[in-house]
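There are 2 protein chains.
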Amino acid sequence: MTATVIDGREIAKKIRKEIYDEVVSLKSKYKVTPKITTLLIGDDPGSKLYLKLRDNACNKVGITSDHLEFDENVSEDEITAAIQNLNNDENIHGILIQYPAPSHISQDTLMSSIDPKKDVEGFHPYNMGRTLLGNESIVPCTPLSVLTILEHEEVDLKGKDVCIVNHSNVVGKPLAALLLNRNATVLVCHVFTQDSKQYTSKADVLITGAGVPKLITPDHVKKDAFVIDVAIIPTESGICGDVDFESVKEKAGKITPVPGGVGPVTIASALKNMIKTYKNCFEDA
Amino acid sequence: MTATVIDGREIAKKIRKEIYDEVVSLKSKYKVTPKITTLLIGDDPGSKLYLKLRDNACNKVGITSDHLEFDENVSEDEITAAIQNLNNDENIHGILIQYPAPSHISQDTLMSSIDPKKDVEGFHPYNMGRTLLGNESIVPCTPLSVLTILEHEEVDLKGKDVCIVNHSNVVGKPLAALLLNRNATVLVCHVFTQDSKQYTSKADVLITGAGVPKLITPDHVKKDAFVIDVAIIPTESGICGDVDFESVKEKAGKITPVPGGVGPVTIASALKNMIKTYKNCFEDA
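So the protein sequences, as listed, match chains A and B.
Residues in the first sequence are numbered from 20 upward in steps of one, following the numbering used here.
Residues in the second sequence are numbered from 20 upward in steps of one, following the numbering used here.
Please keep in mind that the hints were generated in silico from the structure rather than gathered at the bench.
The beta carbon of each residue, even a glycine, is placed where N, CA and C say it ideally should be.
What you were told as hints is all true, and nothing was included just to trick you.
DEER-style ranges, computed between Cβ atoms:
1) A:242 <-> B:238: 22 to 28 angstroms
2) A:242 <-> B:100: 54 to 60 angstroms
3) B:26 <-> A:72: 57 to 63 angstroms
4) B:106 <-> A:44: 34 to 40 angstroms
5) A:122 <-> B:23: 39 to 45 angstroms
Straight-line C-alpha distance at most 27 angstroms; calculated BS3-like pairs for lysine-lysine:
6) A:177 <-> B:233
7) A:221 <-> B:242
8) A:32 <-> A:295
9) B:295 <-> B:36
10) A:221 <-> B:177
11) A:216 <-> B:177
12) A:216 <-> A:241
13) A:270 <-> B:216
14) B:216 <-> B:270
15) B:242 <-> A:216
16) A:32 <-> A:71
17) A:177 <-> A:270
18) B:270 <-> A:216
Reference listing, derived: stretches of chain A covered by chain B, where coverage requires no fewer than 3 residues with Cβ under 8 angstroms from a Cβ of chain B:
19) 144–152
20) 169–180
21) 183–194
22) 211–221
My request is simple: use the sequences and hints to build the entire structure.
Structure follows, in structure tokens:
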């Protein structure tokens with residue numbers, strides 16, 4: 020039997036509808052339009068395209084989104100001063116930094132400069148710590164997207180064997196914490212793992228984000244597993260994920276496609292976080 | 020061949036010697052004796068015994084340790100006000116809370132009230148977030164103790180299969196982050212895991228802290244694995260750990276005993292953290 024293919028666009032649409040309604044209600048309560056600002060350093064064309072997509076998504080749900088653009092030679096002090104201004108500006112309810120940033124600017128410094136209550140991406144150490152401690156507040160968008168898909172499909176995580184192929188700060192590590200908070204058994208493997216297949220092939224839920232096309236073949240997958248592909252890899256024939264979709268879908272129980280799976284839900288998850296930071300500006304965080 | 024038994028007391032002695040020397044040098048630099056304060060709520064006899072042990076350990080390395088004691092009916096506001104005073108007191112260089120605290124007092128609130136730079140236990144969300152992000156500063160004592168033992172034995176963690184039997188905030192979750200930061204493959208299992216043995220028995224390094232005597236038998240252990248027992252379980256015949264020591268030591272390559280393994284290194288690790296908070300009070304954190 021072929022796997023159920025998860026329609027990420029449909030899930031994202033549902034989230035956007037909920038957010039639209041919430042924005043209407045919160046605007047009438049707080050008497051101000053939610054506004055977020057993104058800092059863009061340098062002129063990476065991919066970043067500009069992504070920002071355009073996000074601006075569109077924001078506008079559709081009633082959130083104002085603008086950008087501060089900086090030359091790629093800007094100093095770290097100038098960027099952190101700009102972040103301080105945004106922290107103190109009561110008309111700004113959320114702050115994002117568009118990566119990649121130039122190498123002379125420390126990502127740790129940027130992340131730590133944002134007021135945690137306006138930290139849309141959830142990368143500030145304080146928010147990351149709350150994620151680790153199970154006192155979750157603002158959670159990074161990709162892990163939040165994975166959770167949203169699992170909840171949408173009514174997966175009870177307690178005692179499930181979950182394997183994550185990624186151990187980055189933005190995906191694997193916070194996602195592992197979120198899954199442990201829900202009492203899943205969690206295995207994190209990555210490029211240094213000696214034999215990933217022995218682990219991926221036992222997982223009830225396999226979440227992969229290695230950035231390697233066709234890395235995950237049916238051999239890596241347990242029969243009827245839920246396979247979630249968070250990779251977004253540009254190729255000559257369009258974007259693809261880690262999973263060899265056509266063959267794996269014959270073995271998995273549920274599967275997310277690329278494109279149209281995790282991606283749209285991640286953008287909608289960023290909108291969810293914007294609502295949280297907007298509320299934080301008016302209520303106790 | 021029988022496993023090498025790790026002598027935790029010997030490792031702790033070495034750390035204490037290093038700390039003693041560092042305290043002498045820092046005292047002459049900062050012109051003030053390091054002083055830490057522990058908040059004790061209620062009169063749990065186990066807590067009082069533990070505090071006495073820690074006071075002794077502090078005194079031996081030149082750190083002054085005192086306590087603030089509160090009735091078990093104290094309000095959360097009174098405790099957080101006391102923490103604020105300690106945060107602002109320039110003669111106090113580190114703050115600890117002795118758990119268990121009464122159930123009407125939120126552990127999250129207490130942890131978040133301590134100034135992160137004086138947070139000896141590393142439980143503040145900001146410090147936990149830095150641990151998760153690989154920008155480690157003050158790391159919880161038990162995970163730090165495990166790392167210290169692995170480093171002492173010169174274990175190269177990159178690509179090693181590590182299994183942790185514990186998913187708590189004080190041991191399993193921060194330890195998983197620390198091991199992923201060092202590029203180990205990390206599996207976290209716990210009471211909800213369906214079949215722990217399939218994972219424990221593949222681990223190059225097995226770290227267990229379930230609190231169940233004789234949980235780990237030779238069946239659970241890979242030949243020549245490094246077995247680290249962080250459990251401290253009081254029984255009628257003294258304290259023991261999770262590991263059935265006599266039988267497992269015939270299969271493991273290295274093994275920590277209970278008592279005399281992780282425990283003494285954990286107390287020494289708390290002293291290490293006190294030096295960090297002391298330095299934080301005089302230098303940029």
